[in-house]
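Asker: Here's the letter readout for the chains.
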Amino acid sequence: MELFVQSVISGILLGGLYAAIGVGLSLVFGIMGLTNIAHGSLMILASFFIMILSQQATGSVILSLILTLAIMAAISGLAQGFLVNRVLDKGAEPALLVTFGIAIIIQNALQLAFGADFKSIASPFASINVVNSKWVVITGEYLLNFIISVAVIFALHFIVRKTWFGRSIRAASSSVVAAELMGINTKRTYVLTMSLATMTGCIGGLLVGQTFGFYSYSGMSYLIIAFGVVVIGGMGSIVGTLLGGVILGVAQLLGAYFFGSGVQILIGYLTLLVILTLRPRGLLSNMTRK
Amino acid sequence: MSELLRVEDLSIAFGNNQVLKGLSFEVNENEVLGIIGPNGAGKTVLLNILTGILKPDSGRIIYQGEDIAKTKIVERTYMGIGRTFQVPRSFEGMSVYENVMIGGVCGRQMTEKEAGAGADKILAQINMADKRDLLAGTLGLLDRKRLEIGVALASKPRLLLIDEAAGGLTESEVVSIIDIVRGAKEQGVTIIWIEHVLQTMIEGTDRTLCVAEGRNVICGNPRDVMDSPEVHAVYLGTEEDYADEGAGADNDIAKTGTAQALPPQDKTLLEISGLNVLHGDLQAIHDVSMRIERGHIVSIIGANGAGKSTLLNTVMGIHNPAGGTIVFEGDDITGKRTSAIAEKGLAMTPEGSRVFADMTVTENLLMGAYLPAAKKAKTEQLEKVFEMFPVLKEKSEQLASFLSGGQRQMLSIARAIMMNPKVVICDEISLGLAPVVIQDIYAKLKELNEQGLTFILVEQEIKRSLRHSDYSYVMVKGRIVLEGKSSELSRSDVSDAYFGINRFA
Numbered sequence: 001m002e003l004f005v006q007s008v009i010s011g012i013l014l015g016g017l018y019a020a021i022g023v024g025l026s027l028v029f030g031i032m033g034l035t036n037i038a039h040g041s042l043m044i045l046a047s048f049f050i051m052i053l054s055q056q057a058t059g060s061v062i063l064s065l066i067l068t069l070a071i072m073a074a075i076s077g078l079a080q081g082f083l084v085n086r087v088l089d090k091g092a093e094p095a096l097l098v099t100f101g102i103a104i105i106i107q108n109a110l111q112l113a114f115g116a117d118f119k120s121i122a123s124p125f126a127s128i129n130v131v132n133s134k135w136v137v138i139t140g141e142y143l144l145n146f147i148i149s150v151a152v153i154f155a156l157h158f159i160v161r162k163t164w165f166g167r168s169i170r171a172a173s174s175s176v177v178a179a180e181l182m183g184i185n186t187k188r189t190y191v192l193t194m195s196l197a198t199m200t201g202c203i204g205g206l207l208v209g210q211t212f213g214f215y216s217y218s219g220m221s222y223l224i225i226a227f228g229v230v231v232i233g234g235m236g237s238i239v240g241t242l243l244g245g246v247i248l249g250v251a252q253l254l255g256a257y258f259f260g261s262g263v264q265i266l267i268g269y270l271t272l273l274v275i276l277t278l279r280p281r282g283l284l285s286n287m288t289r290k
Numbered sequence: 001m002s003e004l005l006r007v008e009d010l011s012i013a014f015g016n017n018q019v020l021k022g023l024s025f026e027v028n029e030n031e032v033l034g035i036i037g038p039n040g041a042g043k044t045v046l047l048n049i050l051t052g053i054l055k056p057d058s059g060r061i062i063y064q065g066e067d068i069a070k071t072k073i074v075e076r077t078y079m080g081i082g083r084t085f086q087v088p089r090s091f092e093g094m095s096v097y098e099n100v101m102i103g104g105v106c107g108r109q110m111t112e113k114e115a116g117a118g119a120d121k122i123l124a125q126i127n128m129a130d131k132r133d134l135l136a137g138t139l140g141l142l143d144r145k146r147l148e149i150g151v152a153l154a155s156k157p158r159l160l161l162i163d164e165a166a167g168g169l170t171e172s173e174v175v176s177i178i179d180i181v182r183g184a185k186e187q188g189v190t191i192i193w194i195e196h197v198l199q200t201m202i203e204g205t206d207r208t209l210c211v212a213e214g215r216n217v218i219c220g221n222p223r224d225v226m227d228s229p230e231v232h233a234v235y236l237g238t239e240e241d242y243a244d245e246g247a248g249a250d251n252d253i254a255k256t257g258t259a260q261a262l263p264p265q266d267k268t269l270l271e272i273s274g275l276n277v278l279h280g281d282l283q284a285i286h287d288v289s290m291r292i293e294r295g296h297i298v299s300i301i302g303a304n305g306a307g308k309s310t311l312l313n314t315v316m317g318i319h320n321p322a323g324g325t326i327v328f329e330g331d332d333i334t335g336k337r338t339s340a341i342a343e344k345g346l347a348m349t350p351e352g353s354r355v356f357a358d359m360t361v362t363e364n365l366l367m368g369a370y371l372p373a374a375k376k377a378k379t380e381q382l383e384k385v386f387e388m389f390p391v392l393k394e395k396s397e398q399l400a401s402f403l404s405g406g407q408r409q410m411l412s413i414a415r416a417i418m419m420n421p422k423v424v425i426c427d428e429i430s431l432g433l434a435p436v437v438i439q440d441i442y443a444k445l446k447e448l449n450e451q452g453l454t455f456i457l458v459e460q461e462i463k464r465s466l467r468h469s470d471y472s473y474v475m476v477k478g479r480i481v482l483e484g485k486s487s488e489l490s491r492s493d494v495s496d497a498y499f500g501i502n503r504f505a
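Heads up: the sequence lines are chains Y and S, in that order. Using this note's numbering, the first residue of the first sequence is number 1, and each one after it goes up by one. Using this note's numbering, the first residue of the second sequence is number 1, and each one after it goes up by one.
Only chain S is shown next, with the shape it has when bound in the complex (with noise of 0.2 Å):
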């Protein structure tokens, strides 16, 4: 097999953070190269760096024997190097044959009767003969994938780059675009496919490379890569890590004994029953069931797209369900309006935190204190918060838009303190923080825990949820596949939920 693509050492940083860091891979003719890596690995920038839309710091791009690093990205698809995107770009204005017809007659400058001649060939590849006239604008997600990867197969590339094919699909759905995959690598295309759906690389691969914080974590055949301790490590956490947990055990023997004195049905804080919702054509929430005791910690873990916010902003009424019931202390607040729901106790710390840039660190602290309840305690709230985070002291009078990544999620738990409320939710606090900033956040939250503070944390970091909670839950692809005590989960259960070895084969 001869060589197609060669990656060298491949470096590129956004000011302080060097996000790859000397990547090098080969992919060779007609080969379907698998890229899979946690999130903030590199892998959408490394595939933009392959597309031509952003130009690396240092390294090699060697393809067909050439250096193409410093050309352009018009330049790169007369080559030969075809895309598709994560979110799909069809035209929803066309019919699907027009849309697969446009990447014929502009990405290969054929003539209209060639590229409509290709276009059959290519619907038929794809499964969507029988949808030819269809607005693709009116075509469900796994037709809007497909259809997707059809465009990019009308110019006829000879390297295909796919950005998440398998996203927000049931498993019957992944297996008929890992299907698609097959049949264009039999037509001679040679493939990288970058995925977060772990489960499609056994099967839809010949080679699949981990990535973790821009370096190569292994590379080989897949199901071993899958099984290696060290794609393991990179999503879990090392054995040590495990072990460190120890003092997190005993805590949780101490507070179980407590919630133990109470009442069984004043021990349940909140119960989500059979929850389902929907995002548009798109199921978003399988049937979900948890039950959230007073003065756990309890985690809800899960890759990019499992559902975990979507989970938790229905839980706070953003997302209305389709169906089941969310109860909170013994009131349905099923489907009821977000500020209702902030009413009766519950607080969130919203992804990417949402502070109000506009307003000072201490309008936003004041803001927590809107509903009459809160209001009447705000000073005290006030000291306990500044005594909590000194550094918004510090910045009291500052405007939040002028605040550090890290000192605004400590302005949205803070906020959420200010509240008063009976359980926060904590949806992935800890995303693009420094270590140190992180450590700090999670201590802070473990104080105000040890107060009978009820919290739920969303992390996609496996190893730091076990650590820092009571109970976990860990969620695939909208449903919750494993659920128990953090400390008796085993390890070997959370891969194999994680990883759903078995789930194709």
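The shape of chain Y in the complex, shown without the other chains (with noise of 0.2 Å):
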């Protein structure tokens, strides 16, 4: 029962940090219909920088990810500027290929650079328990993740719905044309949709190189896990990537507390496919798709 319980509270932290690494790719695909295959691999690039930057010029986690945010910002904003707008006039399909250049270039280029071997990022939470009782123990690492998780969807919640650049977004992914005539240029809207989902993919970089680690190809299975949650939650709903992400974060621990941990992850996808059976459009799909 303890077991249990452990699983519970565990696989909803794990959650919070799947929404993470989720919500970008929701919020591209809302605004432009894009389904951005490179998400993952700019994430662990995202960790790359983190890292190195921590361990040979700033010292500070907190100031590489400052600098990582930044960084990562102006190169997916120019991808988006000078590759997808080129071809997302011309359907999904063509950006979508684009997106898996990019993240095939991105992958090699880094196992050109760091080879294939395991890193990680110091975490200077990972052996401080929280809270340390007999039914369920809580690292603060993965508090930290959750907090910093949700803070993140809830930031992005707000600009989305509440900013004057997030107006802009969403009068794009209703209607180009009509935004277009409002005076907002919608390829421009688009580099900073990129830009900022992103940003939000450098934080996910962050938490799950502390977390889990990663190596130069990590970002195709980081991209099926924002899958499943973007999928469970409803494309283009950020806070349904929330809800998306505990949910298979649940599934996937209970999956291993009832069958043990080398099915979890196929439980957490039956999972998945039991929803979308259930609710094609996922759990919470609010944004209109043009």
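These are calculated hints, taken from the structure and not from any lab test. All values reported here derive from a predicted model rather than from experimental measurement. Honestly, I wouldn't trust all of these hints.
Below 30 Å or equal to it, Euclidean Cα-Cα: the simulated DSS-like pairs (lysine-lysine) are [claimed, not checked]: (1) S/Lys376 to Y/Lys162; (2) S/Lys336 to Y/Lys187; (3) S/Lys395 to Y/Lys162; (4) S/Lys376 to Y/Lys187; (5) Y/Lys90 to S/Lys375; (6) Y/Lys162 to S/Lys393; (7) S/Lys344 to Y/Lys187; (8) S/Lys422 to Y/Lys187; (9) Y/Lys187 to S/Lys267; (10) S/Lys376 to S/Lys267; (11) Y/Lys162 to S/Lys375; (12) S/Lys384 to Y/Lys162; (13) Y/Lys90 to S/Lys344.
Using the hints, put the two standalone chains together into the complex.
Answerer: Here it is in structure tokens:
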């Protein structure tokens, strides 16, 4: 019984992190109808930047994260502006292929530069137990992951709902023509959206880098998690991502509790299948696509 | 001549909208019957009823002496009723020959050999024998339209229904479509030809039926029908409607007076010169030039497919022109990005209103004030549009998706006003709205115009356009065929331009 409670609590906390991984994918899909295959790889690229910067330049994870946010916003914005935007008018498939290409380039560049060794970012909270009772143990790291993730999602939700920039990206997602007629340069909006989405990915990259570790090809496996989260929560719904992450996290850890850790990933995706059968558009699909 | 098809008292409603109201007509064996009518007359619905896609609420369809109103689509195909589609539906990955074969093999269950022999004959008939092995996807518009008729003929129909074969074609191309239709008739096929391009009817059909608001207006010899006062009334409005215009004309004089007080170069707000626009292989706009004066309401009149929306979308940078220039207040805006054009002070209410459905009414209006210049004045502007459209104030916190069609149009106009623009382009703002609502919207436009705002209105309804505007342009098939002060445009000029009576004579 103790283990069951522990599984649920850990699942929820893990789910928060999953949500942070998925929310950028969801945002890009909701606003431009683009499935960004490069999302996971951009995230891992950020993990590498944070690791290198903190080890060799700044000595501080926080400072490295801030630098990485700026670097990654620029990289992803340029990729959107010079590559993806060019093909976005031609339908969803060409743009999807471009992001696939970007993912492969990032993976191979990382492979070339750092080899295939497993890396991680040091976390000061890894061995501190915030709660340590008979029923449940919560590490500082997991709790912090969850808090940061929830904060990211609500910050993003606030930006999209309440700011002029958020209104302009929602307008562009509702009707490109009408948004342009209002004076909104939708191509520039897409660039900013991609930068914003990738910045959430940077935070995801930091957290997974501390919690699980990574190597040059990890991007794809985190992309799969992001897909699961976004599909369960509803493509394009930001708050839905949090729900999707928690469901996937809890399903995985309960799967491990009942059937052994060998099948925990499988149980997670079986849950995804069941939810998709019942609600094909995901649980909270509130953003309309054009 | 014996009768092949008789339609009796056909009625159908969608919700509250009674689309057909007791439509009746008959087609004789081996006759070409043309059906014309303004948008919303019920032509497409009629065609869908004849092919079995829709079931009428009441009325009978007698084909070869039997009532077929309750039979299924495929049964009607086997009875020998074939059709073409407005947008050609040929199989793009197959050759021309294969497309025609498919019509025979599947439509009439012929063997491959029979269908193959038939297919070559049909290719000759539609003048495409030399294009036998080309892929359908590589064809130009005329060839795709021809092929569409060829595929329908391959199933050897007794009755062929043609849906808009001439739309988007040039005059000489239309003549070749007419030839194919006449050729099919000579082989004994009976044809019902529904068409927006009125000019095709005189040469192309034996009898023409005009339908409006779901009822027969007049039927008979095509030339007589085109010249009849009934048909002119349907498309152009009646003499009394023109008499009403007196009030509008007085206004014109007053306003022209103020416009003349400005130096001449300041009078022109927007100037379009020699504009050409292509849609793929189809030329949608031919050498169009226009001058829009400050403070005027200018209307652009034309039937469906005349190129009105394309012209406006090109002005707003949604389409790119193939040639020509668009100058706004002395700045060349040709081919600029839409958002940059909007920044110069051009606003448009796009066709179908395009409100932001998942935003509230207030948020929609605020989007109008997105640009820095408008953002500063957003509070006063918001008050102004709420005063002008009280219904929007009532619904200010509701999502735009919950608004009715008329309310969405008002929101679309109000959102454009929020931009504090110099000119507002309105694309078919009256489409699908109740007359009371239309009156209301036009009253608001007039009010805004009196405050100095310039409008460009696109309408299909001629009488409304002329009544509400200072200056009018008439477009037919991508060209301007007539222009002048709305109060001075003679009725016969407009009707000649619109019906193009002499174009094929």
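Asker: Would you mind marking each hint as holding or not holding in the structure?
Answerer: Cross-check of the supplied hints:
no. : hint                 : verdict
1   : S/Lys376 to Y/Lys162 : holds (18 Å)
2   : S/Lys336 to Y/Lys187 : holds (14 Å)
3   : S/Lys395 to Y/Lys162 : holds (20 Å)
4   : S/Lys376 to Y/Lys187 : holds (24 Å)
5   : Y/Lys90 to S/Lys375  : violated (33 Å)
6   : Y/Lys162 to S/Lys393 : holds (20 Å)
7   : S/Lys344 to Y/Lys187 : holds (19 Å)
8   : S/Lys422 to Y/Lys187 : holds (25 Å)
9   : Y/Lys187 to S/Lys267 : violated (35 Å)
10  : S/Lys376 to S/Lys267 : holds (28 Å)
11  : Y/Lys162 to S/Lys375 : holds (15 Å)
12  : S/Lys384 to Y/Lys162 : holds (23 Å)
13  : Y/Lys90 to S/Lys344  : holds (28 Å)
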